[in-house]
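Student: Sequence:
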Amino acid sequence: MAASAVASASTDPDPEFEANRIPVAPSHTRSAKPSELTQLTHPPLDVTPYFGKTVDELLGLFPMPPTSVSFVPANEEEEDEKFFQLMLRACKGGNLVSPAEQAELYDWLLDVDPARSLNVQEKAHECLENKKLMGKSMMLSLKKLSKSEPPGVIISTYTLDFGGFSLGTPLPLMRHVHQVLTITNKGKNKASFVVQLPPKVPGFEISCDNMTDTLKKKTSADLKFTCRALAGEVLVRAIVVIEVEGGTRHLVRLCLMSESSVFGCPLSKLEWVEDLGLRVPAPLAQLRGALYQHDGLAAQNIFREGVADPAMQAVKDVLNRKSFAPTACRDVHVLANLIKVWYRELNPNVLNTLPPTAFDSCESEAQCVQMLKSLEQPHQSLMYWLLFVLADVALNEETNKMGTRNLSIAIAPNLFAAPGSDPLQALTLSQKVVGFLYHCLTFVLHERHYSGSM
Numbered sequence: 001m002a003a004s005a006v007a008s009a010s011t012d013p014d015p016e017f018e019a020n021r022i023p024v025a026p027s028h029t030r031s032a033k034p035s036e037l038t039q040l041t042h043p044p045l046d047v048t049p050y051f052g053k054t055v056d057e058l059l060g061l062f063p064m065p066p067t068s069v070s071f072v073p074a075n076e077e078e079e080d081e082k083f084f085q086l087m088l089r090a091c092k093g094g095n096l097v098s099p100a101e102q103a104e105l106y107d108w109l110l111d112v113d114p115a116r117s118l119n120v121q122e123k124a125h126e127c128l129e130n131k132k133l134m135g136k137s138m139m140l141s142l143k144k145l146s147k148s149e150p151p152g153v154i155i156s157t158y159t160l161d162f163g164g165f166s167l168g169t170p171l172p173l174m175r176h177v178h179q180v181l182t183i184t185n186k187g188k189n190k191a192s193f194v195v196q197l198p199p200k201v202p203g204f205e206i207s208c209d210n211m212t213d214t215l216k217k218k219t220s221a222d223l224k225f226t227c228r229a230l231a232g233e234v235l236v237r238a239i240v241v242i243e244v245e246g247g248t249r250h251l252v253r254l255c256l257m258s259e260s261s262v263f264g265c266p267l268s269k270l271e272w273v274e275d276l277g278l279r280v281p282a283p284l285a286q287l288r289g290a291l292y293q294h295d296g297l298a299a300q301n302i303f304r305e306g307v308a309d310p311a312m313q314a315v316k317d318v319l320n321r322k323s324f325a326p327t328a329c330r331d332v333h334v335l336a337n338l339i340k341v342w343y344r345e346l347n348p349n350v351l352n353t354l355p356p357t358a359f360d361s362c363e364s365e366a367q368c369v370q371m372l373k374s375l376e377q378p379h380q381s382l383m384y385w386l387l388f389v390l391a392d393v394a395l396n397e398e399t400n401k402m403g404t405r406n407l408s409i410a411i412a413p414n415l416f417a418a419p420g421s422d423p424l425q426a427l428t429l430s431q432k433v434v435g436f437l438y439h440c441l442t443f444v445l446h447e448r449h450y451s452g453s454m
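Using our numbering, you'd call the opening residue of the sequence shown number 1 and step up by one each time.
Since the hints were derived computationally from the structure, they do not count as laboratory data.
Among the hints, erroneous ones may be present.
[What the hints assert, rightly or not] DEER-style ranges, computed between Cβ atoms:
1) 420 / 274: 36 to 44 angstroms
2) 358 / 192: 34 to 42 angstroms
3) 212 / 178: 14 to 22 angstroms
4) 212 / 327: 44 to 52 angstroms
5) 85 / 246: 46 to 54 angstroms
Just so you know, even glycine gets a beta-carbon here, dropped at the ideal spot from N, CA and C.
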């Protein structure tokens, strides 16, 4: 009776087990009969539609299954919870997140609304300071990964916007803007920290006046961050990390865009107008118009006299914001220098479309004119427009003291960027460009003389 009961207990199926069990065919299953195989097989596949298709087209029709399945949040609340768990490990310090996880977290911090990222990070730091606010499983996991107790260090902001600049409010060009971030040690012991700036972005500078320091208990320090946009439409999306030794890590958002610029930008992005019989970018025509209106052709040392950067930058800003008017600047030396700057910041420079060896054969006026005419558009029009302006200046040499030789020396360095780092080679090439410009300018003046348009 007992044995029978035991046998019955061991053979009766467990309902829960049976519900989750994956059926497995028994090893003694008989072979199917041919008639049964006919019933089980799929109808033959018509491959006619796939004839003549490339491998890429076939792969598009039959995509490969994903190599891995990741958790995709169903809504904003689930997404915030996912990144909160990741933020806990990232802010704990040490190598508790993989490079892929760090990249995913940084992208999320930069993509979402700043208020959301701030809420998640503040919640993470609050939990790290007060373990009771943390889930039991996460607390055990963090203790296992890192046993250090983080010093109580807080910062005043998790966003660097330098006074309200953002993707929607562009950063002004060539201006140093500042923001102070306060770091406070609330703990009972001293705390050391290190500021980790993001990798350099071309056309953008950022610095911090206090990259590493040690805070005594119950003390604070101000970190002064400074940034400057050097080029137009530079996008900066990065994370500044403040690492506390043996403690937490603070992730500070940096999401900025510099304003657009008519200097150094692709020619295709500029507005083109008719000026002096040629199609040229509107900023050049505006600068020339103001220069002539304010009697710049007669100004002594025009195109040679230097001016202070702030004065030029103020006019640059007006040009960049497309609000320039002749009355915006009455200093003709500022206007002349901005014409030079426009050519200097052009990329590539107007004569860099020619090989450096081309200037080796420019020893006569005829050779230089031939090379001038070999320039492709729109660079040829840009060169002719500049020569027409310089010719107008040279015709007033008696008052402005700027003849063809002086103008060539003042303008040539802005038309060509010497390749390489050999200073002697650069000097030789610069002298050849001066000679080329001199011959071309002389040619334009001769043409005016013979045509009677002096």
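Student: For each hint, tell me whether it holds in the structure or not.
Tutor: A quick look at each hint next to the structure:
{"no.": "1", "hint": "420 / 274: 36 to 44 angstroms", "in the structure": "holds, 38 angstroms"}
{"no.": "2", "hint": "358 / 192: 34 to 42 angstroms", "in the structure": "violated, 59 angstroms"}
{"no.": "3", "hint": "212 / 178: 14 to 22 angstroms", "in the structure": "holds, 20 angstroms"}
{"no.": "4", "hint": "212 / 327: 44 to 52 angstroms", "in the structure": "holds, 51 angstroms"}
{"no.": "5", "hint": "85 / 246: 46 to 54 angstroms", "in the structure": "violated, 22 angstroms"}
The structure shown violates the earlier hints numbered 2 and 5.
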